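S.K.: For the record, the sequence lines run as chains A and B. Residue numbers are given in our numbering: position 69 of the first sequence equals residue 69, and the series is strictly consecutive. Plus 87 on top of the position in the second sequence (first one is 1) and you've got our numbering.
Keep in mind that the hints were calculated from the coordinates and are not lab data. Small disclaimer: the values here were computed from a predicted structure and weren't measured. A hint or two may mislead.
With a straight-line Cα cutoff of 20 Å, these simulated SDA-like cross-link-like pairs (lysine to any residue) come out [claimed, not checked]:
(1) 533(B) / 77(A)
(2) 957(B) / 30(A)
(3) 957(B) / 935(B)
Calculated Cβ distances over 10 Å to all of chain B for the following chain A residues [said to hold, decoys possible]:
(4) 2
(5) 6
(6) 9
(7) 47
(8) 50
(9) 71
(10) 77
(11) 82
(12) 86
Per the computed footprint, the stretches of chain A lying under chain B, defined by three or more beta-carbons under 8 Å from a beta-carbon of chain B, are [claimed, not checked]:
(13) 15 to 27
(14) 33 to 44
(15) 58 to 70
Where is the CB? At the ideal position from N, CA and C, for every residue including glycine.
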Amino acid sequence: MLLIPCPWCGPRPQTDFTYGGDGTVVRPAEDAPQAAWADFVFVRDNPMGPHRELWHHSAGCRRWLVVERDTVTHDITGSFKPGEVPS
Amino acid sequence: MTTQSFRNAEGGLIDRATPLDFTFDGKAFQGFAGDTLASALVANGVRLVGRSFKYHRPRGLIGAGVEDPCGLVRLGAGDRAEPNTRATLTELFAGLTADSQNRWPSLKWDASALTGLAGRLFPAGFYYKTFISPQVLWPTYEKIIRAMAGMGTCPEGPDPDVYDDRFAHADLLVVGAGPAGLAAALAAGRLGQRVILAEQDMRLGGDLLAANRSIDGRPALDWVADTVAELEALPDVTLLPRTTVFGYHDHNLLAAVERVTDHLPHAPAGLPRQRHWKIRAGRVVLATGAIERPLVFADNDRPGVMLASAARAYVNRWAARPGTRAVVVTNNDDGYRSALDLQAGGIEIAALLDTRPEGGGALAQMARDAGLSPRHGMAVARALGGHAVTGAEITALSGGGATETVDCDLIAVSGGWAPTLHLHSQARGKATYDESLTAFVPTDPKQAHESVGAAAGDLTLAGALAAGSRAGGDDTLAPPADDHPAAPIQALWQVPKPPSGKGKRFVDIQDDVTAEDVALAHREGYESVEHLKRYTTLGMGTDQGKTSNVNGLAIMAGLRGQTIPAVGTTTFRPPFTPVTMGTFAGREAGHHFAPIRRTPLHARHDALGAVFQTAGLWLRARYYPLEGETMAEAVAREASHVRRIGGMVDVSTLGKIDIQGPDAADLLNRFYVNGFKALPVGKCRYGLMLREDGIVLDDGTTTRIGDTHYYMTTTTANAVTVMRNLELYLQVHWPDLDVSVASVSDQWAGVALAGPRARDLLARVADIDVSNDAFPFLAYREGAVAGIPARLFRISYSGELAYEIHVPSDFAPALWDALLEHGADLDIRPYGTEAMSTLRIEKGHMVIGTEIDGRTTADDLGMGRMVSTKKPFIGHVLKDRPGLTEGGRKQLVGLVPVDKRTPIPETCQIVKPGVVTGRDPVPIEGHVTAGTFSPSVGHPIALALVKDGRARLGETLHAVSPTTRVRVPVTVTSPVFVDPEGERLHA
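Looking at chain A on its own, in the form it has when it is part of the complex (with noise of 0.2 Å):
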């Protein structure tokens, strides 16, 4: 079970959260051609090591949040709050 670090509460284990998925996909404008929100809803690269991933804090603070996790080890090197992710 991970532990992972909410950036509003500290580390929290994994059951206080839920997984929601990549955390690199930009939602496109609403204009974009098909194909980019084909690309955004089902395109999905699936890297190993480091990864970046969409949680939910959804049995603490209720806050979305980015956790920059190892595909591999699980290692956790960030979480960040959404809008301060660096590149």
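Knowing the structure of chain A, use the given hints to seat chain B on it.
M.R.: Same frame as chain A, but now just chain B:
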């Protein structure tokens, strides 16, 4: 009562003043407090403790602790029986009952072993080649195999015991309370750290409990006692004996099982049987020790062949002699220590064999000084005897093949020590082969842990104490100890077969895997260790190869002509030792498996005799049967009553979300397919939500209760999902929107009042004008109902003149009572979810899971016209993707049985008339989503999703269910069976 004829009169960590009676296979025995079941059996001269997994060979104790592969017994009886329990880890208590396993009719005379049947049935890979064909016979084969193989039998009833969960945090978790673990805990504890020390044994001390060692010039047990006393006095140190750390998970979370009352004849009230610890540790010290390896020679499984370290443990710790006359065989210096201890314990050493051609360190010299005569370059080729060892055929390893026979009843074997690196490996640490140790040692830890002492490959006592102290944070503590310089170990993986060729040379004694099986796997191409394991079952079973893994892969490496590190090891996975299922279940069993949500009106429904149904975690009132009524009768009565007179139903389970802020209307407009910007204050609107992929997610009504204040309802099923989505979009995708959302599902309760007399009742209890003009369809009003502040909505799910009355949850029972009281003479009665379902089917309204099933679009459901073309909303682009807009999609329609009599079950598929259902793929036209008897139209009806259904009204199709042999000719109709014009709704 058998006397303890193999018990020494003195010594050992047992309390001779506290005798304990127990039974094994129904026979009465006596042991002492401090015994394990295994040591008590040894003290009583019991050699034969079980039958082997496949061959049903007689088996005895091989180890004295966690490593023992064969001493598996069924403890207790009835619903408290526990199979496959290690006798070596079972603390003796008065009244303990244990039975051997895997034997019939008795342990001594086993039918399968006598016929030799098992031996012919189970070569390596037998599953894969013996029973391939004919396939029809597999069930028969399986029955025979399951009866013969397998380990023990299940308890007879549900587990009556209580198990607990416990979460803990520590700066340092120390696993293992041997010298290294105690030193680590002491060092860290003195520094004021929060320390948890977990030890699987009943007593702290580890190998020191079973050894004649000294620390700092004093008996090692004195050091143990002093250390434990000091640890007990430290406020932030938690000592957990009888606790096995069995899992090492991510981010330094470790799982342990504490056997709280297993060792007590009667568990005190209020204590669980076992406790499942989940420990999040800053650092972990793995002081898990090492396990001695057996040697591979013919018939090395005979009862009386024992690890040398186990034999000396029985003698030293429990004053129990596992034999009277021993052959000791070793490939390393530690075997000499065992020989010395056995001799000191009163066992005659008939022969001391050192497989090394010459040498031996200081311990060898001590053995010679004690009158023992080690014979070099010699090994046991074969153990003699059946139910017990009667002798050893010994041979020179240099060749020639000549053997001599030595009479003995104990063969103590030492094949060297292998660090217990299971937890290190579970934590993704690497294992590196160490030539000087002929074993794998832990390297390259991936988490915050460190292996110390024997677990790290340092077999010296001083080294263990020093490494433990250092790992605990203070390397000045380590006391000196009585180590002796050792000569190198010899890598000896198997002793050649005796000249007679007789006997099986077991590598994995629990799983009955022999050196010949490993060779067979190699010949047949199963060379990788992972294939070897699965093909031969080497390293499987309840011991997971604790004594066999290295021998097995070393033999494979030899066959492949490769080094051991090139062959590699299999992966260790949790649990380290078997954990009973109840421990994982904890308190979340039976009734407590999942939480139960009850509406604020639950007690009212109960008092009215409601039958409840589960809906997710909710318990909802399904129907209120009158005496002698069936469910179908009750539902038809309730539904009909609503249409004719009026009824009330608890809708408190709906998701309710409070939405406030200047951009609230914009948010709703982006969530729903239909427009919400023009919704005036005091009005409700039905809305439909899609997912981004264009599929319908949810529906519900949202009401504008203030200028920037909205009240959203969702379906019961999607309350959590919709709330989470609102938060996601507001926090991640549209942070510029100035809106706050809060779930108020639990704060508000709701009652729907429906039917022709609904207004009459509401007029009596509400303090607002409820006339059709003042409170029209889709209007919202605030007021008091029976004096209770309420939100009133003129909305309808039943299709009748209806209101939803929402009140703060605490007031719900008062509201319910008032409606019942004032509605009594109007004959307004409660109805349940089943009647609600009938009413909605009659109206063609949709439900999550059946019509909104994660595959349907708004157009499929006949809601295409609701979808705005003038604004973007979630799913607005992908709703138009080709797969969702092409013809041939299933559309929502109604079905009526052609005979107007036969019910249409919900399990049915829909086919064209004449289509035969059988083995071949059947062209399917659609499926039934909901069926009911409609009291309003007087016959069964159904909703269905049918290909191009809206274009097929009037067509006759067949609803079929091959599994229940149903075939109902049906006519396709509109999904709205009652009041298609909505006149009742607007009345």
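S.K.: Provide an ascending list of the numbers of those earlier hints which the structure does not satisfy.
M.R.: Per hint list: 3, 4 and 11 violated.
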